[in-house]
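Chemist: Chains as they are written, first to last, in our numbering: chain A, 434 to 763; chain B, 6 to 267; chain C, 9 to 303.
Treat each hint with caution, since some may be false.
[What the hints assert, rightly or not] Only pairs whose alpha carbons sit at most 25 Å apart, straight line, appear in this in silico BS3-like list of lysine-lysine:
# : chain 1 : residue 1 : chain 2 : residue 2
1 : A       : LYS444    : B       : LYS84
2 : B       : LYS121    : A       : LYS445
3 : B       : LYS121    : A       : LYS638
4 : B       : LYS84     : B       : LYS30
5 : A       : LYS445    : B       : LYS136
6 : B       : LYS147    : A       : LYS441
7 : C       : LYS96     : B       : LYS30
8 : B       : LYS121    : A       : LYS441
[Claimed, not checked] Chain A is faced by these chain B residues, among others (derived, beta-carbon under 8 Å):
#  : residue
9  : ASN51
10 : PRO85
11 : THR89
12 : LYS113
13 : ALA127
14 : TYR135
15 : GLU138
16 : ASP150
No lab work stands behind these hints, which were simulated from the structure alone. Backbone N, C-alpha and C fix where the C-beta goes; we use that ideal spot for every residue, glycine too.
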Amino acid sequence: MDKFSGMKYLKKNDAVLLGFAIVLFALLQGLISGKVLSSFWQLNVLIIGINIIMAVSLNLINGYTGQFSLGHAGFMAVGAYVGVVLTTNFHAPFVVALLAGGLSAAFLGFLIGIPTLRLNGDYLAIATLGLGEIIRIVIMNIEYVGGAAGFKGIPHHTNFAWVFWLTVIALFFIKNFVNSTHGRACLAIRENEIAAESMGINTTKYKVLAFAIGAGFAGIAGGLFAHCFYLISPNSFTFMASFNYLIMVVMGGMGSITGSIAGAFVVTFLSAALASWPEFRMIIYALALIFLMFYRPQGLFGYMEITSMRPLNRIFGRPGEKKEGGRTDG
Amino acid sequence: MAEAKKESKVLLEAKDVSEVFGGLKAVSDFNFYINKGELVGLIGPNGAGKTTAFNLFTGVYQPTTGEITFGGKSIVGLKPYQITQRGVARTFQNIRLFSELTVLDNVKIAFHDHVKYGVLEAVLRVGRYYKEEERIEQEALKLLDIFHLKDKAGELAKNLPYGAQRRLEIARALAAGPKLLLLDEPAAGMNPQETQELMEMIRWIRKKFGLTVLLIEHDMNLVMGICERIYVLEYGMVIASGTPEEVQKDPEVIRAYLGGEG
Amino acid sequence: MEMGQQVLQQLVNGISLGSIYALIALGYTMIYGIIKLINFAHGDIYMVGAYIGFFAITQAGLSIVPALLVSLVTTAMLGMLVEKLAYKPLRHAPRLSVLITAIGVSFFLEYASMYFVSPTPRTFPAVMDSVAINIGGLVINGQQLLILGITFVLMVILTYIVKFTNTGKAMRAASFDTETAQLMGINSDRIISITFGIGSALAAVAGVLVGIYYNSIDPLMGIMPGLKAFVAAVLGGIGILPGAVVGGIILGVVEAFVSGFISSTFRDAAAFAILIIVLLVRPTGIFGKNTKEKV
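Extracted from the complex, chain A is given alone in its bound form (with noise of 0.2 Å):
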């Protein structure tokens, strides 16, 4: 049974994957301490490690459910504002802010999916992208979090320990949720959605599961986001924003975890070394994405894992890999 997925080998996995954690920790932690990192990019990595927060759980809505919310960005100001909020003003500590940022950013994705989730598609995405955008203007328009010129004075409490950690949690939250029944249940939706309902799911939780664990966790990265920096503004989070995270997904590979940490590492990486030519990098960018469409639309890892590729024969694609283009013809 070891061939398909012996629960020997669950075990297994999840260990080295939490030593190979521990080891790039202290590899990182002491670039970072021994300041061979210049701070900008130190602040990146952090950025990197967010936007991996962001990216999983988006693809989680995306790419695992198969539904298409382009206001993911809105959950992570929801998370950034109930954060700073609690830090600042009422001096809670940080692990409280977090927490209660992404239940906060949950629970909003659980009222919103409700409703929304019924739509498909293209309705779907145009609602999400308003919903995202609600959410900013509403935030913009309330005094108390500083309105458009932004929330001031927020404690610099991220730092890499945290963000590193919290992106293995969220890693594993949602490895896990994935590889269990209520997961499955998450990929039937996005195979056959009918299919799915007639061998007994309930498709409209499983729908606002998704949404709701996605939006939770981009709360997470909100709080972490906002705290690396001494003023965070509702500019932060507007529908560009979304649209970052969906390419990261998509470069990545809709439904692959592995693709998502790629896709927000060289998106980040990209963004970052192109920082001082704003104008290029947003064309090599757009360029990057369009070609990225004609010839490898399942993204850079399609349905894959880095550790379902771990036996040799596996590393250069299953069979008929290559075949799969996503594109049809006729």
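Put chains B and C on the given structure of chain A with help from the hints.
Modeler: Showing chains B and C alone in chain A's frame:
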């Protein structure tokens, strides 16, 4: 010999059901029952309302008028997943597999309602998670074995040949743990030999799982060969019902259906 | 100003703004109708149209009508070019791929423009004397009259094309069912290209008119109107031409009332709130018909 209708034995029953789509009657005055353990066929020309009847039984459509009961309780107004949870599973005329997932995962998904661990247990991988996953994996492999698909467990469903996809749909429906299995043209597109094998398989799983089976079929040999009772539909109405012999002799049926073919 | 008069004044402002949304929404709805694509780049086409008009007036010294025509023709060609290069190769790809490509094209147009014409907003030259008609305190200015007049003329021309020309009939057939239309001998590639051309031309006119109305253009000016025009198209019933016009005008009026009587900061939120209400209550829009998936 066909069994007569006895209240205590009726599993699924439709009384005076009609279904109207934008003024068009897809099914009207539809009366139907199936007893526990029976194997019943639903035949009729294209557009006669056979698949509409399936969609009414499974909650995909809601009847415009009439009553549908399963195990003596009304299922009108229930969502498809709720009806499945009560014990009705189906296959689709136009195959609806989870095509980008593996054959094994297709079957595992259908165990959904019978898996006993929560979201938190899944995410933390504690409690019943490993035990339950192990159990459904074994059960799924057993089902695949029955349908000669075990060696294909790791393949993507979309890469299976056509006949194998049809078998996988049945295996998946069985995984949902039904009392009543609805098969919508299970032999469509199969060659005579595959159809023959399928007939035997249907007989066998029915006995093995103690199932009640209702099937829609175009292939007359298959229907006449294995069904104990047959309903014939035309223009959304039942024009005849009874044993295969009775139905074959029915002048209405000969006119509407058999006559049309020969 | 008394209340009734204020309402009327906002109505006039709203209809002017709404006409612009209507012009953009027509392109959206035509393109969606024919290839089921939310063309996120459509708002940026409108921006390019505004810049071409701007340069036609300032650099080439043209007056308003020739400038409009230059912008209309050039932008139509740009729209067709975008379709040929970016969307046509993906005709049979999953819709998500095309949508992402549209986002890519949108970014490309925005930032390529920014590179060539600089990100600083430009002041659109005054092309007409500032006339204003005052009817008992209700002010309708020359720009508003121009917008309404040109929109009206374009609607008439578009209606004629769609209803009475062979191309228009082919467009309607293709948007009803592309594959069948193809079987009937309609060259669907050509029709799709023409649809992009017409949609882009309308957007270009909207761009120039907005430049005249607000006196200012910038490379990111297309983002919000683009999205709102989509809202207008959904409101009217996507794929339905009169729906786009009605939706655009309703949206313009609602926005004018929200900024006039509540606060202009909630203007954008109002548009999206309309969108969500429509999607939840009547996803097919005002003029749309319901369809059911066949199982």
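Chemist: Against this structure, judge whether each hint is valid.
Modeler: Hint-by-hint comparison with the structure:
1. As the CA atoms of LYS444 (chain A) and LYS84 (chain B) are separated by approximately 37 Å, the hinted pair breaks the 25 Å bound.
2. Straight-line distance between C-alpha atoms of LYS121 (chain B) and LYS445 (chain A) comes to about 23 Å, which keeps the hinted pair within the 25 Å bound.
3. Distance check on the hinted pair: LYS121 (chain B) and LYS638 (chain A) sit about 17 Å apart at the alpha-carbon level, within 25 Å; holds.
4. Distance restraint check for LYS84 (chain B) and LYS30 (chain B): the Cα-Cα separation of roughly 22 Å lies within the 25 Å cut-off, and the hinted pair is therefore satisfied.
5. Distance check on the hinted pair: LYS445 (chain A) and LYS136 (chain B) sit about 16 Å apart at the alpha-carbon level, within 25 Å; holds.
6. Between LYS147 (chain B) and LYS441 (chain A), the direct Cα distance comes to roughly 20 Å. Compliance with the 25 Å bound is thereby established for this hinted pair.
7. Using a Cα cut-off of 25 Å, the hinted pair LYS96 (chain C) and LYS30 (chain B) is violated, with the two alpha carbons roughly 42 Å apart.
8. Between the alpha carbons of LYS121 (chain B) and LYS441 (chain A) the distance comes to roughly 20 Å, so the proposed pair stays at or under 25 Å and holds.
9. With a least beta-carbon distance of about 21 Å to chain A, the hint placing ASN51 (chain B) at the interface is violated under the 8 Å criterion.
10. A hinted interface residue such as PRO85 (chain B) counts as satisfied when its beta carbon comes closer than 8 Å to some beta carbon of chain A; here the least separation is about 4 Å, so the hint holds.
11. This hint holds: THR89 (chain B) has a C-beta 4 Å from the nearest C-beta of chain A, less than the 8 Å allowed.
12. Satisfaction of the interface hint for LYS113 (chain B) is found here, the shortest Cβ-Cβ separation to chain A being roughly 6 Å, below the 8 Å cut-off.
13. Interface hint at ALA127 (chain B): satisfied, since its Cβ lies 3 Å from the closest Cβ of chain A, which is below the 8 Å cut-off.
14. The restraint placing TYR135 (chain B) at the interface with chain A holds, with a minimum CB-CB distance near 5 Å, inside the 8 Å limit.
15. Contact between GLU138 (chain B) and chain A, as hinted, is supported at the beta carbon level, the nearest pair being about 6 Å apart and thus within 8 Å.
16. Because the smallest distance between the Cβ of ASP150 (chain B) and any Cβ of chain A comes to about 12 Å, over 8 Å, the interface hint for this residue is violated.
Violation of the numbered hints given earlier is confined to hints 1, 7, 9 and 16; the remaining hints are satisfied by the structure.
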